[in-house]
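Visitor: These are the residues of each chain, in order.
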Amino acid sequence: MKIITITQEQIQDELLNFLSRQFFVPVSEIDLDKSLVDTGIIDSMGLIEISAYIEQEYRFKVTEDMMHRENFGSVLKIVRFISSQNGKE
Amino acid sequence: MAGIKRCTHCILSENFPSIEFDEDGVCNFCRDKLLFSTEKRKVEEAREEIIRMFDNARGRSEYDAIVCYSGGKDSTLTLKLTVEKYNLRVLAFTLENHFTSPGALENIKKVVANLGVDHIVFTPSKKFMVNLYRASSIYDIYNKRTLTRISSNCNSCISLINNTALKYALEKKIPFIISGFTLGQIPVNAIYYQNIYSFLKDSRKPVIEKLKKYAGPEAANYMEINGNLLNRVKSYPYNVNILCLENFTEEEIVRSILPLGWAPPKDVDGCSSNCRLNVFNNYVHEKKLGYNPYELELSHLIRNNLLTREEALEKINDQPQEQIRLIMSELEICDNDIS
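Chains as they are written, first to last, in the working numbering: chain V, 11 to 99; chain F, 666 to 1004.
In case anyone wonders, no lab produced these hints; they're calculated from the structure. Zero decoy hints are in this set.
Below 27 angstroms or equal to it, Euclidean Cα-Cα: the simulated DSS-like pairs (lysine-lysine) are: (1) V:K71 <-> F:K838; (2) F:K866 <-> F:K838; (3) V:K44 <-> F:K809; (4) F:K899 <-> F:K870; (5) V:K71 <-> F:K899; (6) V:K87 <-> F:K707; (7) V:K71 <-> F:K832.
Residues of chain F placed beyond 10 angstroms of chain V at every Cβ, according to the derived structure: (8) A667; (9) G724; (10) G926.
Backbone N, C-alpha and C fix where the C-beta goes; we use that ideal spot for every residue, glycine too.
Work out the full structure: start from the sequences and follow the hints.
Guide: Structure follows, in structure tokens:
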């Protein structure tokens, strides 16, 4: 389980590493503040994979009301979302 | 694909995205020990959670699970395990795409009868299915990264199956949609997930718009779920891929399902046990992207000692040319259409 003091920088590094491995894309090609769907890195299934990754790595339930563009619209938004939830439970 | 450079351990080829070979010709995916150990841990975590979810839900609805049943060997084993190992009350669901092998149709009848499960078959209009496959073969409906694990036609078909299964699950309040995907076909993070359609529909819009344009406006009816049904939803079902929890070789799978009356169909290629279209789908994928859509899946089996490299190569090289030409004729597609 992740410790609750994990920094946003660490979360971002781990997320980029996950995206790179999972979707066969070099980290350098991932635009941090653009939609991963709009930039063609993931499709709808990719959103599911990211959601599952968050649940499994950060041990909190991603509920329906959390699933919107404000939380999943870019790498930076996902990082902020994880950071905001991490350690709540 | 003769003469193409491949990993000397698995069968990933030089055109596969992000591939790098070391001096021994071994690819970066085979060298990635972290990926391997992380996967084992996640499979065990998924197993615990899936068993817990099944135990909590069993017997609470008319059906515990809808099982997507194509008649292929993997979905046949999935159906058997759902009934016999997990003891769930099952509604089997088959989408008849007009290209299912006659042998697979016979298998479907025998297996559902022998397992004693309820079964529904949805047969979309042949006109639409031909238009869907034509569009998916000719036009760039999906982005290239979506196609690392699957051909464009298979992706269209599976999207249709998933959407139809979700409709049935929502209508009948069935808590689980179970499919026969294995690791390699899907990533470890997708062994189980809640199918929250409302979250995903925006990301599907660009694809559905292309399908409406190239396959016909009725694509929306097949690929989307209408608002009336969504407004009644209290909870979305979980998609679960229970074969990802198993480690069967192909021989073990076949041996396990033969007693159900299943027999290998004769008019399919080396990578399919139910669909006549598959060989053509692979042909299109190789022509457009330069690698076979089964490379990742079969390489995963090699790394887990469930298939030899020679067996994998035999599978992807089993591409009956007369079958490809027959399908092209049925879809009214010529080589110039695929570029």
